[in-house]
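Undergrad: The residues making up each chain are set out below.
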Amino acid sequence: MSTFLQQLVNGVTWGSVYALIALGYTMVYGILRLINFAHGDIYMLGAFMGLYASRWFHAAQDPSPVKALLVLLTSMLLSALIGMLIERLAYKPVRKSPRLSALITAIGVSLLLENGGVLVFGADPKFFPQLIPQKTIALLPGVAVSNQQLIVLVVSIVLMFALRMFVLHTRTGKAMQAVSHNHMAASLMGISVDRIITITFMIGSALAAAAGVLVALQSPKIEPYMGIMPGLKAFVAAVLGGIGNIPGAVVGGLVMGVAEVMVTGYLSPTYRDAIAFVLLIVILLVRPAGIFGKAVTEKV
Amino acid sequence: MKLRQWLAPVAALALVVVALAGCGGKGGSGGGANEIVVGVYGSMTGNDATFGQSTKGGVEVALADLVEQAGGKIGGLPVRLVVEDDQGKAEEAATAAQKLINQDQVVALLGEVASSRSLAAAPICQAAGVPMISPSSTNPKVTQVGDRIFRMCFLDDFQGLTMARFAVQNLGLKKVAILKDVKSDYSVGLAQYFTDEFVKLGGTIVVEQAYTAGDQDFSAQLTAIKSKNPDAIFIPGYYTEVGLIARTARQQGLTVPLLGGDGWESEKLIEIGQDAINGAYYSNHWALDMPDTNLQAFLTKYHAKYNSDPDAIGGLAYDAARVLFAAMQKMAAEEPTVFAGLGSAKAGTPERKAALDRLRDLIAATRDYAGVTGSITLDANRNASKPAVVIEIKGGKKVYNTTIHP
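So the protein lines, in turn, are chains A and B. Using the numbering used here, you'd call the opening residue of the first sequence number 35 and step up by one each time. Using the numbering used here, you'd call the opening residue of the second sequence number 678 and step up by one each time.
Below, simulated DSSO-like cross-link-like pairs (lysine-lysine); rule was C-alpha separation at most 27 Å, straight line:
1) A:K160 - B:K766
2) A:K169 - B:K1074
3) B:K1074 - B:K978
4) B:K1071 - A:K160
5) A:K169 - B:K1071
6) A:K160 - B:K982
7) A:K169 - A:K101
Since the hints were derived computationally from the structure, they do not count as laboratory data.
Chain A extracted, bound-state conformation (with noise of 0.2 Å):
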């Protein structure tokens, strides 16, 4: 029992870190109908990010708690100025163009992040200074978690939270459920549609990058590859909860994380990542709208 707890922990803690991929993927999803296949690609550079903000501030040689925070915010704010450049530079032009060139252009903007990291970081593997001293607090006899996976199980929830007020409860979070319903009925209602596009994106790769300093945090190996696999799953998991949804997206997250943790834990780890593709396939077939998806009948 105690270990099927502790894979339970396990589980969650990895989840939440899909979590935060996939919201920017749904929201991206929910206001432009665009998969952002650059995603993944953002949380890659959010680690990165992480990285140099911490020999900025010299966290590594005097970690601190207040310098961690620093360097998640100063990648938070980076990433999503790279977010609204890409948006910009990349996506705007080829808005009103049909659906496939967008989605062509995100996949081209995937590949020009990744093999341009490998170009300005190196192939090579970095190694993320440890930020916070690793301790091993047991929740129960036998079940054990770390420091590191708590902090990252609380930014996650915090940072969804967060989300979730500013969506509901503020004018641009209204302006952008606005904008998701429809575009043309939103800016005829005085909202700017770009600016809440721009918006949509900055947030969606600040929590991305969290999401890449989270991981970094306990599993300090970073590369400029490293986004690919946690973006496709990610994008699986927002597709598990209904895209466009932002509770389906966390529900999707801990989802994946808990079956990938539970296949590799009491089948085997081979398939770890086919477990993500087999759930794509059953919940297209059984609830293609995902999970807290609402099924749309197209009007003809």
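Dock chain B against the given chain A, drawing on the hints supplied.
TA: Using the frame of chain A, we list chain B on its own:
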């Protein structure tokens, strides 16, 4: 899968660019002065980049020796190194070997460290008749590829036996868990050899778990291992993952010792694992604090050139290059006409083929060569039989623990 679909065109494009750059830069080979070209290939970048870097470092020190002793020439011909990066990928290792043989016209290849990558390049060398000396691939299959493939280190069956004996006789362990990399020939082989000997000595393998190189999260495997209460965990992997695994193990409250093989040999192991790696043991080719005169002389030279400590991978690469140079020197002294075939001017001629055949025989005849990683005698299967050293990691330092003889 999507990933593959995207990567293929990019890889193809990269190949074209590399090919064009190669042509433009040098205008093919054979146009230059008559010289002896030696190829080095390894993971200069990628997941286990220190392996390639150390190999290159070791070979360069050997070349510096040659420059000092003989003006960098063998039989009147200057020796030039060509280094290729395989990025730690087996398919790239095969490409690197092709390029070195066909484009650079090398007389021999030095590399790789990881057995999976040596196994990818070895058939190409064998088919072309070019000798390949792997400094540090320990999987038995590597030299079984053919009579042109040599190695400078012990084999995994002996390495597995070493750690099994050490676990039972020196540490008194009875129940061990195994965590191996399922996609690595080295890791799977070493896990098997360890299991065989450990069970023979009366121990039990309580659980066997697996991962894949490049994984970021190992918590599920370690939780499954923890539930079986082992006395130790044997992790026959490479240093990057081992460091991450050690951290996760401590995170989960697993405090038993970790055991491993020579894939741990890198300065990065301690950088990644930090405190979590203390108290671990692994089998290795040498320990820097061994009082061997050849070893200490090499350390001094290495320090003077790079201002850092070499790892065993670098030491083995140095030995591999020295054995190759010694064979060529012998050939130049005793059979100068055959030796002339090794010159780059003779590329593609029958003389080249005869010279490569002779070079192979001379390398195979290496007996009692005083290397920095111990005395090297190649047996009928082109393997070096050497003792293994067990290293303990104490306070972030690698400390010699014991030597186990075959």
